Amino acid sequence: MVDESTRKTLSCIPLLKTKAGPREKELWVQRLKEEYQALIQYVQNNKSADNDWFRLESNEQGTRWFGKCWYIHNLLKYEFDVEFDIPVTYPSTAPEIALPELDGKTAKMYRGGKICLTDHFKPLWARNVPKFGIAHAMALGLGPWLAVEIPDMIEKGVIQYKEKTEG
Amino acid sequence: MTAVEWEEVKRLAAGFQRAQLISTTQRLSERNCVELMTKLVDMKLIDIIFTNDGKEYVTPQQLLTELKDELEVHGGRVSLVDLAEILNVDLSHITQKAAQLQSKSRNITVVLGQLINGTYITQLAEEINDLLVQRGFVSTNSLTQQYDLPNEFLQKVVQENLGKIIRAKQDPRDPNVFFTEAFVARNMATIRGAIIGIMKPTAVSTLLNLCGVQDRLFYSLFEELAKAKQVPGTLSGKQVSNSMYVPSVYSKSQSDWVDQFYRQNGFLEYDAMSRVGISDGQAYVKKHLAGENLLFLDSAAIGPSVLEQIKGAIEEAVSTGTWVDILPTLPSALDTTCAEQILVEVLKTVKTPGGSVPSVKVFNSTVVVTESFLNKLVVPLKDIVQQKAEKCVSSGAFQQWQIDRNQTPEDNKKDDIKEDKVDKRDERRKKAAGGKVGGGTQGRETKTKSTKKKGGRGGRGGGDSDDEAPVISSRKPTNLEIITIHDIISVISKEESFRGLDEDDKVSLLEEIAKHLHLSVNKTALDVAQAVLDSTMSNQVGTRRKTHHDLQEKLNNLITNIRLFERGLKGFSTDVVPPAKESAHDQLSKYLLKTFGTDIANEIVGFIAQERMLQWDSRKEMLQETRQKVAQESGGSEKEAIQKLNKSLTGSSLDDFFTALDYALGPEVCDVVVRKPDKKKERVMVFGHRQALLEQMNTSQEPAQVLHIAALILCQGVTQNMLHASGRYVNILLAFLQPHLPVPTFKTLQEYYDLVLKLLSTDDSDESAKETVTFQLQEKMSVIKEIANSFKKVGENKE
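These protein sequence lines map, in sequence, to chains A and B.
The UniProt record's numbering puts the first residue of the first sequence at 1, with every later residue one more than the last.
The UniProt record's numbering puts the first residue of the second sequence at 1, with every later residue one more than the last.
One chain only, chain A, in its complex shape (with noise of 0.2 angstroms):
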């Protein structure tokens, strides 16, 4: 069951209307607006709660997303670089997001780097296809690996703290 604080994330999130895959052009668009106008809300709210903890762009057909996520553990800041696909079977089918540096460092993870999300996470989304999008699947997903497999990590000192430049 997804704890308290992801349920309030959620809820701040708007909801997609359409339902469309990047096979259909003219409803794609309709879609792809959408998910932007719910990833715009998602980081205002991020910002305004002092909790941003990533950075994405897509290609221009907004096919292919990419950028960064970061985590704070101990007042350190770890970054990973994220990226993942739209699945052509997209909305039914969740975007396997992954993170390729951590590619089999831990057991949570499929090969090339995706993460192996919760069980919860898969029936939950199925439920709300078409509503949930790129945001939800942020929120729903990433996030809560990276709360739960990032100390992990650090304890079993897979993973070190390297001084970036970048804040």
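In case anyone wonders, no lab produced these hints; they're calculated from the structure.
Do not take every clue at face value.
[Stated by the list, open to error] In silico BS3-like pairs for lysine-lysine, Cα to Cα no more than 25 angstroms straight-line: (1) Lys39/B with Lys77/A; (2) Lys200/B with Lys164/B; (3) Lys10/B with Lys68/A; (4) Lys131/A with Lys200/B; (5) Lys10/B with Lys19/A; (6) Lys47/A with Lys10/B; (7) Lys122/A with Lys19/A; (8) Lys200/B with Lys17/A.
This structure is a prediction, so every number in the text was calculated from the model and none was measured.
Chain A is already provided as a structure; the job is to place chain B on it using the hints.
Same frame as chain A, but now just chain B:
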């Protein structure tokens, strides 16, 4: 259209980027803030005070400001607890800050958990002043209640503002009390008025009630007044509620009264003093009249002038040898007990003109009687003493008393002359037993215990009379009282100087004196009686010889008679003739013993009794028992003699009687010489007896008597001896005469006898028969007389 759409997507993407790139607002979470603050406080970089809920912080400076503000808002007085609530800060911080505030600013103080500033104190002082103006006085105690502030604080407030805001002054005795000048002046005036107005001692409490002044104020004001010499009196008791105010006018009038009374009367009575309000009279007098030489009695103090007066009276009485009652001399207020005490004192100082201690007696508590006066009183008593003593001796009471006294075992050998010695021994014994001083006195008391009621005075009076009044032993159960108290009273009441007295006083005084005199007078009387008895005793030696002689004479006569009669009896037969139980001889001898024999025995017993000083009554008829009693009491040979006599008297044998008589008359008992029978004398006696009988017969008119006597005469004529027989034995006599007389003569006698019997046996009712018999008897009487008379002649002729 699609292009437009894409354009829009691009725009949105750019917007998204922009949205991501704008810096995040640097917002601290509450948690962070708390952490930060903790860190800062830990590092001591900031000084803050947490609120009660811990969500807010206040800097100390702010808190101080807020405290001040709140104080102002609450009108200068606010409780720290209230502040803690209002400011939502812990009480400890508030208290701490309040203390800081107090130390920093002079105006603000913390009292009893309350913050108070200067304005409030000023206001308080003004209020107190108002109160003072209203009431005149105020005590911080009451203010404490009113303002709920501690006494010390209030007192400080008042003292600080005294003379500034508060116009009053502090009570020097009680720093808690303040009052205004006006109030003091008013109270002082009240008190002054009250104490000036008071005329008698008053309890301070009453005084306070009257003028409504508080007692603590009263005492200070009273002192002030006293200093100003405005108090006409004194306060007794040391400032306690029961102290008394005594106006000087009262004490002055008291002392004036005492002075005046003493000057006028020469004494002071405590009773009277208590009436004017002096409770402890004696102490007062001692203090007040310290210089005077006073005599303190139980109920009065006596001045020397009164004592002098009494002394004078007594001295006068002593010098003139009379008596004086000091009670009239004394002031009437003094009673007998006082008089008694005074008398005791005065008698210590009184001297005779010669300078010696006068011999006086005190009677009736107040009457002083000189010894010479008493002696004077005794003089007229002498006659009556003499009379009474003689009477006493002659009546035998004195002898009786002596005998009684002698019978008490200890004293029976003592005679009167040795009596003093006996008394002393008795006295000693008594002292040992009674333990009381003055055995002599006691003896006297015992003696007169029935009538005399003696106080201490009697004891004292008796003490010095011991020497002149020898005491009669009081051990004797009865004491002979020749002179009674009553006798003495009746004599001494004739004394001139007692005339003036009223009856009651006189009676009691006379009684006292009589009691006093009674002893000595009675002693004198006893002496006189003894003297009288002695003189009579010496007479008795003579009389005794005479009585013995008389006895001898009498006994001789009687014995001669009885011998003659016995001889007369010899002619009678001793044969027992029936029907009589005894012979004629026996009957007659019995009769003889009963008459003459008894007479002789009585004479002898009487003589013995008298010799032995036994009690017996010579006038009474002496009976067998009396004789027996005398025999028992006399003892020795006399007892034996009397008993023998007694025994022989009951028998019928004259010989036995004579034997007993001989023994009784013997030298051991009566020592009576019995004369030899004288023939010639006997004949004269026989003749005399006959003549006497004849005379008796001739003068008698009684037939029975005539016959009796005639028979006796005839018998005497026959036997030439005297015969003693009563009328009962006439027939025996006749029987005896029968052979010696001519027949007609005897017949005449016999007839006459029958007639007499007939007369005696005739009933009173048979008047006529009696008369005839009497007549016959009268008729024949002359014949009988003739027979007797003539027979004499025959007898004489025969001779």
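Given pair status - lysine 19/A, lysine 10/B, alpha carbons within 25 angstroms: Given that 25 angstroms is the threshold and the Cα spacing comes to 20 angstroms, the pair holds.
Next pair to validate is lysine 39/B with lysine 77/A; report whether the Cα-Cα distance is within 25 angstroms. Distance of about 22 angstroms is within 25 angstroms: holds.
Hinted pair lysine 200/B and lysine 164/B, Cα distance within 25 angstroms: Between lysine 200/B and lysine 164/B the Cα gap is close to 44 angstroms, so the pair fails against 25 angstroms, i.e. violated.
Please verify whether lysine 200/B and lysine 17/A have alpha carbons no more than 25 angstroms apart. violated (121 angstroms)
Decide if the proposed pair is consistent with the structure: lysine 10/B and lysine 68/A, CA atoms, cutoff 25 angstroms inclusive. Between lysine 10/B and lysine 68/A the Cα gap is close to 20 angstroms, so the pair holds against 25 angstroms.
Run the distance test for lysine 122/A versus lysine 19/A: straight-line Cα separation, threshold 25 angstroms. holds (17 angstroms)
Restraint status (C-alpha distance of lysine 131/A to lysine 200/B at most 25 angstroms): Status violated; Cα separation ~119 angstroms.
Taking 25 angstroms as the top limit, are the C-alpha atoms of lysine 47/A and lysine 10/B close enough? holds (22 angstroms)
Comparing the model with each numbered hint stated earlier shows that hints 2, 4, 8 do not hold.
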